[in-house]
Amino acid sequence: MALQSLDILRRSATTTPSPQQRQTTEVAKLIDVTKCIGCKACQSACQEWNDLREEIGINEGSYQNPHDLTANSWTLMRFAETEQNGTLEWLIRKDGCMHCADPGCLKACPSPGAIVQYSNGIVDFHEENCIGCGYCIAGCPFDVPRLSKKDSKVYKCTLCSDRVAVGLEPACIKACPTQALVFGSKEDMIEHANDRITDLKERGFENAGLYDPAGVGGTHVMYVLHHADQPQLYNDLPKDPTISPVVSVWKGIMKPLATAAMALTALAGFFHYVTVGPNETDGDDEEHSA
Amino acid sequence: MNIDRRQFFKLSASSLGGSTLAALGFSPTAALAEVRTFKLARTTETRNTCPYCSVACGLIMYSLGDKAKNAKAEIIHIEGDPDHPVSRGSLCPKGAGLLEFVHSPSRLKYPEYRAPGSSEWRRVSWDWAMERIAKLVKEDRDSNFIARNEQGQTVNRWTSLGFLAASAASNETGYLTNKICRALGIVMLDSQARICHAPSVSALASSFGRGAMTNTWMDIKNADVIIAMGGNPAEAHPVGFKWAVEAKARNKAKLIVVDPRFSRTASVADLYVPIRAGSDIAFLNGVIHYLLEHGAINEEYVKAYTNASFIVRDDFRFEEGLFSGYDESDPEVRYDRTTWTYELDGQGYAKIDPSLQHPRCVFQLLKAHVARYTPELVYDVTGVPAESFLKVCELIASTAATDRTLTSLYALGWTHHSVGVQNIRVMAMIQLLLGNIGMSGGGVNALRGHSNIQGLSDLGLLTEMLPGYLTLPRDHETDRAGYLAKRTLKPLRPGQWSYWSNTPKFHTSLMKAWYGPAATAENDYCYDWLPKLDKPYDSLRLFDLMAQGKVNGFICQGFNPLASYPNRHKVAGGLAKLKFLVVMDPLATDTSEFWQHYGEHNDVDPGEIQTEVFRLPTTCFAEEDGSLVNSSRWLQWHWKGAEPPGEARTDIEIMSDFYLRLKELYAAEGGAFPDPILHLHWPYRKAEDPTPDELAREFSGYALADLSDPADPARTAVKAGQQLAGFAQLKDDGSTACGNWIFSGCWTEAGNQMARRDTADPTGMGIAPGWAWSWPANRRILYNRASCDPAGKPWNAKRTIIEWNGRQWSGLDVPDYKADVPPGADMMPFIMNPEGVGRLFCADRLADGPFPEHYEPFETPLGTNPLHPKVVSNPAARVFPNDRAMLGGSEEFPYVATTYRITELFNTWTDHVRINASLQPEQFIEIGEDLARELGIANGEIVVVRSKRGFIKAVAMVTKRLKMLTVAGKPLHQIGIPVHWGFMGLTRKGYFCNNLTPYLGDANTQTPEFKAFLVNVEKDMSEFMPHSHEPGQGHDERRRPEAGLTPATGQASWLTRILTGRTEV
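From first to last, the protein sequence lines are chains U and E.
Those letters in the first sequence? Residues 1 to 290, per the working numbering, in order.
Those letters in the second sequence? Residues 10001 to 11065, per the working numbering, in order.
With the rest of the complex left out, here is chain U (with noise of 0.2 Å):
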């Protein structure tokens, strides 16, 4: 397993290169939302695997249970009602990390190795390095990280990088009944999904497709969609998605000034304890804080 840590391609906030010598198949997992049946085997299994467990939260009026991805449930079928062609679908979509080619969360990640992507496309959050700032959830263009509450460090699918490590399909695509989660190499899956785009353009969805957007250098999770030209359908899936223009901005031009202005307010904060001394604080300031 320790290998595994050789195969690095980035790591957040180093500029050291990694190495670059071995030949890693890139791997993919093809969410075939056309064969899901929305019925939460991948959630229940990606707790289970990953030793997490949800809040017993309450019923909003959907089958989306939790609401949202958290710090516990990194995986989460997304429910739409549409009616297409005077038809009703029920569209049901596996969210989670799409473990981008360019991956915005280790783009704006300021902590060494907090963030990192493997050779095989893993990207992989490192929760001891990780400070908790929160900027992967600014940079992640599908609205993924989840910051944990209990210990203030951000939680995401690793794509169980544990099992993949080892030679085994994350626990999601082990479990799911219908084959709609298919897991191997990136070129295996862009072929299997271009199998079942011809058996659903015979059935009549004409704009049947693949998800694999160009804007964050493609992804290692991928979707068949039925509606490809839609994606928006599937509950606000970005149809074309790009790393935020302020990570942009952040790792571009205020890097250099930011880090000169921090570096200049930690001199200053220095000799301001060297020359005052601590700042006190009294019990009134804790209590109006309470």
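Any given hint might turn out to be false.
Cut-off 30 Å, straight-line C-alpha distance, at most; resulting in silico cross-link-like pairs (DSSO-like, lysine-lysine) [unchecked claim]:
hint, chain 1, residue 1, chain 2, residue 2
1, U, Lys201, E, Lys10960
2, E, Lys10960, U, Lys239
3, E, Lys10793, E, Lys10351
4, E, Lys10579, E, Lys10640
5, U, Lys201, E, Lys10067
6, U, Lys201, E, Lys10252
7, E, Lys10960, E, Lys10252
8, E, Lys10663, U, Lys201
To be clear about the criterion: a stretch of chain U counts as covered by chain E if any three or more of its residues have a C-beta under 8 Å from a C-beta of chain E, and this derived list gives those stretches [claimed, not checked]:
hint, stretch
9, 45 to 58
10, 156 to 170
Simulated from the structure, these hints should not be mistaken for lab results.
Idealized CB from N, CA, C, for every residue including glycine.
We have chain U; now place chain E onto it with these hints.
For chain E alone, coordinates are given in the frame of chain U:
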């Protein structure tokens, strides 16, 4: 996230500090990225099968430790067995959460006792509990045992104690339970089958000969058209449904869903058709009408393999909704079925007309019967849109071609009606007309709901049954010879096998297994020791008698009847009248705490309830060895992976202890008819704890004397004491013992066949003959002789299952036929039926008619029956007078309600499983947009649903998936009610859906009408009425956001929200 100002500064400072340091180049290089350590590296793997539904997915349980003496095994993870031919590693959300079942906080650890009037449990010792139970049971048996009835006939029955058997218990448990109960004379013995698939057994056995799913789960992939009607396999059997999705993807199959509600199955269907709940027969008789009108049948199949050509007696009639022989005077049996039979010739054979032209041949009678079911009538009665109905008919008709098949997947959507059996019968008839029975990719596939309810049916844990579908005698059957003669069925056509002609062998071998040396030819193999029935004591009668105060004791094994039976108030009232209740369960069920006050969800006063309650902790699937029968009749052995919690014991151990204590008491004190108790054959090495192996060997069967080889009488085929190879070796002279003839061959001299795990599927057609063992005789597709035409040629050469090789039938599957009877012989494929053929006309078998007829649900929204206004609902159904008074009308209750399971939960069991509770935490109902608008109900609001019998409160899920229908010219709204929530467990407290349901059932099996009844819906106004709720319970909490409700959403930091422009909190 709740952070105060100082915390914010601290957090910001640390973030800033961290990022600053990083920016300055002080990277924490020591913290190399590492993936999480793989947690299963050295765990012990144990194979098991899932305890929930009857797909029976393979499990691998991973436990800590290597089984060394000093290590205590603890299961830490469960996932799918990738070798399993059905599940192939998959699990549904319930199976994937099984770890939390094993470790549920609701697992019972110690025996507990609740004294009369008490409001709490007291921990007691096993010895104390079992001694007290044995004493109470013996007292009651001795006082109330009926040795002779009023006519002086020996009946030896005991009708003041009821027993419900566990649907997830192993065959070994079920077998031993039946053996003990019948020895005590218990007739009020029933199981989950009564309230789920009893109609399947009745309908399929009366059509084809055996009451079970015809094909296998994997075989569904070979279908060309799949109809999910009367079932919702994507939600109730997700992993089995894999093969329907596979059929679509690989076989270009079309999936049709006919359901009142657009379900998850419908979400992947090619065609979804909404229908009024309770009108399926009108729809399907309409399909038959279409098929006959368009000549879309497999004529050669129909002529050869069905009773279409059989001539029916000339006094058989069907007029104004009633078949001939109707007599209202007997409330239990309304029809004299004498006229519902064939015309016989001088030799006792049925007369036939192969041309199908005789006016009284079955084919012509059927044509006349369905002539009324025109498309117009179908639209009018069912509310199905015209174009959809015709599309369904066309797709179904396309499978009359010999190279195409239709498969029917159904479950409780058909059984839970007062016409449950007949719902299934129509589909059986359609499949016979199309030639789809016995075919790969065909069949009528009853998808059983519990992991071993097929096994419990097979083992006869139903009031009127004995193992292997033998039946208990009635009072008037005073002698064994007459009893056997009636059940020994002679062929009704020349050359037929009529396998029930072997009944004496099955019955004698059963009695030898139960009573051993005590059963002799001289004492008629203890025939009189079997209790006799004056009437069936099904569990609806049990709870009715209980409500009348006529039942004193009730033993409830792995069952939650308070949640599962209709009209909860009646059931709860009955439980409160018991002297004692014994609950055996791994979990703290609602039933076990029926006496405890849980607010509006269980509004009782413990002080007023005098029932003594014993709660005995049992092992669960993961903690015992044994076999379960899945829906497609596979007996799969499973293995123990860990010790049970606390003092929990296996059901086998508890039942044995119970029996041995009674035996000791009867030996010491005597009492009512002690003979069967004292002489029950108990050859087990450890009397107090027989092993599953011993019990499995016993029901598979063994020789008591050397058996000679029929082909070569000089040779001994089986030596005394050896296991039998199968039921063909059974004898009626007492030289064989076999506890369940249809399981015979599951444990042979070659060992435990149920433990086989050969994954080979030689042709890829979905038959894995070496995986586990399938009854009967390891046959996987029933009636498979019918996959070939009478001349022996497969109807579809691409899907050959068996063929004639010149000497015998052979192939992928074990032939369901006499192997050496050549093609062209008289013998027909339906070997269990005396006719040898499948029954379109069900002669002399069912209580409510030989042909299915549309009758309205007992609570009908129409108030009439458009086909025959004088006969509205099933005229043969048994309705107790008190329950009839509890039926509501459409003026007061204008909406049709139907109940169902949803994928995330399994009845009330998963309420105790943390992962599943989080996936569907709170009770809801589904209501269409049109109706919600009419009633001013918004999505997510709490509503009250009322029927004549009670009310529930639930979150309203307003959906497009329940459409208004037009029925009989009027608008009709339907409400969907999932069944899962109760007052125990980890989910939010809910109301049993059975607060609402009517207490009546199918005319043949008494399976309740859970799927079509009338309700009213209104907004819950109780929040405006103070003190009407117990605080802190159920839905209340949502109105008090300060009450500690944890939002399920992880929230991003304040800074992130600014950055992303998301300002909502």
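Structure-based check of all given hints:
Under the criterion of a C-alpha separation no larger than 30 Å, the hint pairing Lys201(U) with Lys10960(E) is consistent with the structure, at around 25 Å. At most 30 Å may separate the alpha-carbon atoms for a hinted pair to count; Lys10960(E) and Lys239(U) meet this at roughly 25 Å. Taken as a hint, the Lys10793(E) and Lys10351(E) pair is honoured in the structure, with Cα atoms around 27 Å apart against an allowance of 30 Å. For a cut-off of 30 Å, the pair hint linking Lys10579(E) to Lys10640(E) is broken: about 36 Å separates their Cα positions.
In summary, the hint linking Lys201(U) to Lys10067(E) is not supported, as the alpha carbons are separated by about 54 Å, beyond the 30 Å threshold. As the CA atoms of Lys201(U) and Lys10252(E) are separated by approximately 12 Å, the hinted pair is consistent with the 30 Å bound. Only pairs whose Cα atoms come within 30 Å are accepted, and Lys10960(E) paired with Lys10252(E) is accepted, the gap being roughly 28 Å. For the given pair, Lys10663(E) sits about 70 Å from Lys201(U) by alpha-carbon distance, which is inconsistent with the 30 Å threshold.
For the stretch 45 to 58 of chain U, the assignment as covered by chain E holds, since 10 residues bring a beta-carbon within under 8 Å of that chain's beta-carbons and 3 suffice. Evaluation of the coverage hint for the stretch 156 to 170 of chain U: fulfilled, as 6 residues show C-beta separations to chain E shorter than 8 Å, against a requirement of three.
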